[in-house]
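*Asks:* Chains W and G, in that order, give the protein sequences. Residues 1 to 110 in our numbering are what the first sequence lists, from first letter to last. Residues 1 to 111 in our numbering are what the second sequence lists, from first letter to last.
In case anyone wonders, no lab produced these hints; they're calculated from the structure. Treat the hints loosely; a few may be bogus.
In silico DSS-like pairs for lysine-lysine, Cα to Cα no more than 25 Å straight-line [unchecked claim]:
| # | chain 1 | residue 1 | chain 2 | residue 2 |
| --- | --- | --- | --- | --- |
| 1 | G | Lys17 | G | Lys65 |
| 2 | W | Lys45 | G | Lys17 |
| 3 | W | Lys79 | W | Lys42 |
| 4 | G | Lys17 | G | Lys57 |
| 5 | W | Lys45 | W | Lys79 |
| 6 | G | Lys57 | G | Lys69 |
| 7 | G | Lys57 | G | Lys71 |
| 8 | W | Lys42 | G | Lys65 |
| 9 | G | Lys69 | G | Lys18 |
| 10 | G | Lys57 | W | Lys2 |
| 11 | G | Lys17 | G | Lys69 |
| 12 | W | Lys45 | G | Lys71 |
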Amino acid sequence: RKEVEQDPGPFNVPEGATVAFNCTYSNSASQSFFWYRQDCRKEPKLLMSVYSSGNEDGRFTAQLNRASQYISLLIRDSKLSDSATYLCVVNTNTGNQFYFGTGTSLTVIP
Amino acid sequence: EAQVTQNPRYLITVTGKKLTVTCSQNMNHEYMSWYRQDPGLGLRQIYYSMNVEVTDKGDVPEGYKVSRKEKRNFPLILESPSPNQTSLYFCASTDRFSPLHFGNGTRLTVT
Numbered sequence: 001r002k003e004v005e006q007d008p009g010p011f012n013v014p015e016g017a018t019v020a021f022n023c024t025y026s027n028s029a030s031q032s033f034f035w036y037r038q039d040c041r042k043e044p045k046l047l048m049s050v051y052s053s054g055n056e057d058g059r060f061t062a063q064l065n066r067a068s069q070y071i072s073l074l075i076r077d078s079k080l081s082d083s084a085t086y087l088c089v090v091n092t093n094t095g096n097q098f099y100f101g102t103g104t105s106l107t108v109i110p
Numbered sequence: 001e002a003q004v005t006q007n008p009r010y011l012i013t014v015t016g017k018k019l020t021v022t023c024s025q026n027m028n029h030e031y032m033s034w035y036r037q038d039p040g041l042g043l044r045q046i047y048y049s050m051n052v053e054v055t056d057k058g059d060v061p062e063g064y065k066v067s068r069k070e071k072r073n074f075p076l077i078l079e080s081p082s083p084n085q086t087s088l089y090f091c092a093s094t095d096r097f098s099p100l101h102f103g104n105g106t107r108l109t110v111t
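With the rest of the complex left out, here is chain G (with noise of 0.2 Å):
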């Protein structure tokens, strides 16, 4: 089955340790991305990637970081979180110009 698998699918945890919410595609798409989705403001990209060790900035990608070093994997890692990226994150990954495909998401909460 073609899927977008993210975990964990909720976390909670304490200001300053690190974390990292996996996502993988078994679509062979070139494309991921991560957005964060908060009430009010809608989907926003943090950061997405073209293709293999290729990765760029979205609208909102201070306080993330993230890496392709595969082409299925694309994790998004939290060095120090604040309780300001407590929200909800999706990961979708497509082929150019194609619909996204979505994970179903992980509800983070930074304490």
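The following block holds chain W by itself, in its conformation from the complex (with noise of 0.2 Å):
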């Protein structure tokens, strides 16, 4: 079983619309959890990290679910500059490890 898994889309959404992404991960004993933002074939670059609590920056929301095991990210108003594709990442619970998933593909269409 994958570590996290994700699913791969891809999402072709308008412009102005509400989309939302979900990751589920495999250890319970998992520490942090991050989104990434990744465009074509650059480095990821970190969106934001995800808390208990649920956090929000701007349009985006990341929300974390310990007991089901799934962390989820909402991008609200979508603009065309949101075309990318997000990872999420989990942090195993020495810190040793991250594993990804293996990215959700978004277009924002005009």
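Using the hints, put the two standalone chains together into the complex.
*Replies:* If you want it as structure tokens, here you go:
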């Protein structure tokens, strides 16, 4: 079983739409959770960390559900510039290893 | 500027010719790691290092070596590259449990 499972999409949404991505993880002792954005084979860049209480950064909201072992990312009012691949990342309880989802491709259409 | 620097950005080589990809960070991070990214497989960890002289295997270490003689540097060595090591490679660093900072990648082609 993969450590982190993520729906690869693709998601094609119109500008202004709300889109949500989910990611499940298998290790219940995982400590840290992150969402990254990756553009066309460039390096992944941190979008936001995910905290137990949920957190928001502008149009982006991240949530963690430890009981069901998933994290989510909600993007409101999608912009063309949001088109990218979104990666969920989970850090083990020892802090030694990071596990990545395969990424969800998002295209925002004019 | 805080950054992780990888070199080279692009590399084309032939089977069996030893190569080294360098990685350097200026953030005094203890943790450094190497990943490869392949279509449909996502990012997979090759090796990681918790500190100087401390390295450990990730999920796909076969065919790779690393060393950590200084805190800032973590080179990736392919002693005898093979075509199945053609991939996009990323180096990253962090403090434990914090987000990873990535280098801008090395696109390797082995013919």
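*Asks:* Confirm or reject each hint.
*Replies:* Hint check:
1. G:Lys17 / G:Lys65: Roughly 14 Å between the alpha carbons, so the hint for G:Lys17 and G:Lys65 holds.
2. W:Lys45 / G:Lys17: violated, 32 Å
3. W:Lys79 / W:Lys42: Holds, at about 20 Å.
4. G:Lys17 / G:Lys57: Holds. G:Lys17 to G:Lys57 sits at ~23 Å (cutoff 25 Å).
5. W:Lys45 / W:Lys79: At roughly 18 Å apart (the allowed maximum being 25 Å), W:Lys79 and W:Lys45 satisfy the hint.
6. G:Lys57 / G:Lys69: Roughly 17 Å separates the two Cα atoms, so the pair holds.
7. G:Lys57 / G:Lys71: holds, 18 Å
8. W:Lys42 / G:Lys65: holds, 24 Å
9. G:Lys69 / G:Lys18: Roughly 20 Å separates the two Cα atoms, so the pair holds.
10. G:Lys57 / W:Lys2: holds, 18 Å
11. G:Lys17 / G:Lys69: holds, 23 Å
12. W:Lys45 / G:Lys71: holds, 23 Å
Going down the numbered hints, you'll see the structure goes against just number 2.
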